[in-house]
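Asks: If you read the protein sequences in the order shown, they are chains A and B.
Letter 48 of the first sequence, counting from 1, is numbered 47 in numbering that gives the first Met the number 0, and no numbers are missing.
Letter 83 of the second sequence, counting from 1, is numbered 82 in numbering that gives the first Met the number 0, and no numbers are missing.
The set of hints was computed from the structure by calculation and includes no laboratory data.
Where hints are given, some of them may not hold.
If you anchor each label on the Cβ, the simulated ranges turn out as follows [to be verified]:
| no. | chain 1 | residue 1 | chain 2 | residue 2 | range |
| --- | --- | --- | --- | --- | --- |
| 1 | B | Gly51 | A | Ala47 | 37 to 43 Å |
| 2 | A | Leu67 | B | Val49 | 27 to 33 Å |
| 3 | B | Ser87 | A | Ser1 | 32 to 38 Å |
| 4 | A | Thr146 | B | Ala83 | 29 to 35 Å |
In silico SDA-like links for lysine to any residue, alpha-carbon gap of 20 Å or less [to be verified]:
| no. | chain 1 | residue 1 | chain 2 | residue 2 |
| --- | --- | --- | --- | --- |
| 5 | A | Lys86 | A | Gln141 |
| 6 | A | Lys72 | A | Phe82 |
| 7 | A | Lys71 | A | Ala136 |
| 8 | A | Lys71 | B | Phe33 |
| 9 | A | Lys72 | B | Phe33 |
| 10 | A | Lys72 | A | Gly5 |
| 11 | A | Lys72 | A | Val10 |
| 12 | A | Lys72 | A | Ser1 |
| 13 | A | Lys71 | B | Leu34 |
| 14 | A | Lys86 | B | Arg119 |
| 15 | A | Lys86 | B | Ile125 |
| 16 | A | Lys86 | B | Ile117 |
| 17 | A | Lys71 | A | Phe82 |
| 18 | A | Lys86 | B | Met129 |
| 19 | A | Lys72 | B | Leu26 |
| 20 | A | Lys71 | B | Gly36 |
| 21 | A | Lys72 | A | Asn4 |
| 22 | A | Lys86 | B | Leu122 |
| 23 | A | Lys71 | B | Arg119 |
| 24 | A | Lys71 | A | Gln141 |
| 25 | A | Lys72 | A | Thr62 |
| 26 | A | Lys72 | A | Leu6 |
| 27 | A | Lys72 | B | Gly36 |
| 28 | A | Lys86 | B | Phe120 |
| 29 | A | Lys72 | A | Glu2 |
| 30 | A | Lys72 | B | Arg119 |
| 31 | A | Lys72 | B | Leu34 |
| 32 | A | Lys71 | A | Gly5 |
| 33 | A | Lys86 | B | Ile126 |
| 34 | A | Lys72 | A | Val7 |
| 35 | A | Lys72 | A | Gln141 |
Backbone N, C-alpha and C fix where the C-beta goes; we use that ideal spot for every residue, glycine too.
Here is what each chain is made of, one letter per residue.
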Amino acid sequence: MSERNGLVMKVITAFAAGALFTVGLAISGMTKPEKVIGFLDVSGSWDASLAFVMVGAIGVHLTARRLLGSMKKPVFAHSFHAFGRTKIDAPLIGGAALFGVGWGLSGYCPGPVIASSVVSGRPALVFIAAMVLGMGAWEILQRARATDPNKDPVAPLDATPESTDA
Amino acid sequence: MQPLRYTIRMTHFTPLSALAGGALIGLSATMFWFLNGRVAGISGVFGDVVLGRAEARAPKGAFVAGMLVAALVVGMLVPASFGASPRSIFTLGIAGLFVGVGTRMGNGCTSGHGVCGISRFSLRSIIATMTFMLVAGLTVLVVDHVWRLS
Numbered sequence: 000m001s002e003r004n005g006l007v008m009k010v011i012t013a014f015a016a017g018a019l020f021t022v023g024l025a026i027s028g029m030t031k032p033e034k035v036i037g038f039l040d041v042s043g044s045w046d047a048s049l050a051f052v053m054v055g056a057i058g059v060h061l062t063a064r065r066l067l068g069s070m071k072k073p074v075f076a077h078s079f080h081a082f083g084r085t086k087i088d089a090p091l092i093g094g095a096a097l098f099g100v101g102w103g104l105s106g107y108c109p110g111p112v113i114a115s116s117v118v119s120g121r122p123a124l125v126f127i128a129a130m131v132l133g134m135g136a137w138e139i140l141q142r143a144r145a146t147d148p149n150k151d152p153v154a155p156l157d158a159t160p161e162s163t164d165a
Numbered sequence: 000m001q002p003l004r005y006t007i008r009m010t011h012f013t014p015l016s017a018l019a020g021g022a023l024i025g026l027s028a029t030m031f032w033f034l035n036g037r038v039a040g041i042s043g044v045f046g047d048v049v050l051g052r053a054e055a056r057a058p059k060g061a062f063v064a065g066m067l068v069a070a071l072v073v074g075m076l077v078p079a080s081f082g083a084s085p086r087s088i089f090t091l092g093i094a095g096l097f098v099g100v101g102t103r104m105g106n107g108c109t110s111g112h113g114v115c116g117i118s119r120f121s122l123r124s125i126i127a128t129m130t131f132m133l134v135a136g137l138t139v140l141v142v143d144h145v146w147r148l149s
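Bound conformation, chain A alone (with noise of 0.2 Å):
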């Protein structure tokens, strides 16, 4: 295959792959911030269907990842993503727990209120403008000490920029 078409194959999938994303989320009740606050909330009313999403997303995906693992390389790509990082520390517990304070505090998480921005409008834009503005000032505090050569960066930035968890 060409480069041109491998790219074209690509751009074809993951907006398939996209466009069947929000398909779920819309079907499992993650568009729902309600749903997923009364899934997060164990004390009162506890709503648990959220987390027969994770049951279905982890089975089907830990299952295909099972089936297909000697694939050398993806179908239209020339590399799997690598993983440059392994280690537990302060940014990825401290990022998580900041992510959490703002998915409790909202019902939001990134993937639904990206779909939800088309549909349900105002709330959805400002919480992601906030969301962008956010992950900016990370990527500038990054930057910044990435080049300050008397700070240690918080986490080491890799050799590669893609090469993070997710």
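Place chain B on chain A using the hints.
Replies: Showing chain B alone in chain A's frame:
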């Protein structure tokens, strides 16, 4: 100590649709990994698109575009599948900031760590998922039953 005051919510237990929707999310993650070699972690995909981090942004941009187009279609066909957040715009703005900084600092969110990471038995992802679940639960406890914030 004052007893916790309960917020009554009108949500129902829907394990089958949750399982089916989850399976589609898992299928989407499987497609993106085995066709494109990429992780369907939405904070990472979206972050790389808006911050311009990845050298090959086109597939990630297409993934987000696919999400948005499907949302438009689903929103038209089944409007009830999208709900409003019970929180104020101000609270949502603060929450967005936390999610933005947190997902970049911790390298992932519900999909990247919770689905993809756990599926490959990544210890980092397992610990991250336990952390954000626990903190999100505590946040709801404080916000809904102690502060009673809207």
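Asks: Flag every earlier hint the structure violates by its number, smallest first.
Replies: 3, 4, 7, 24 and 35
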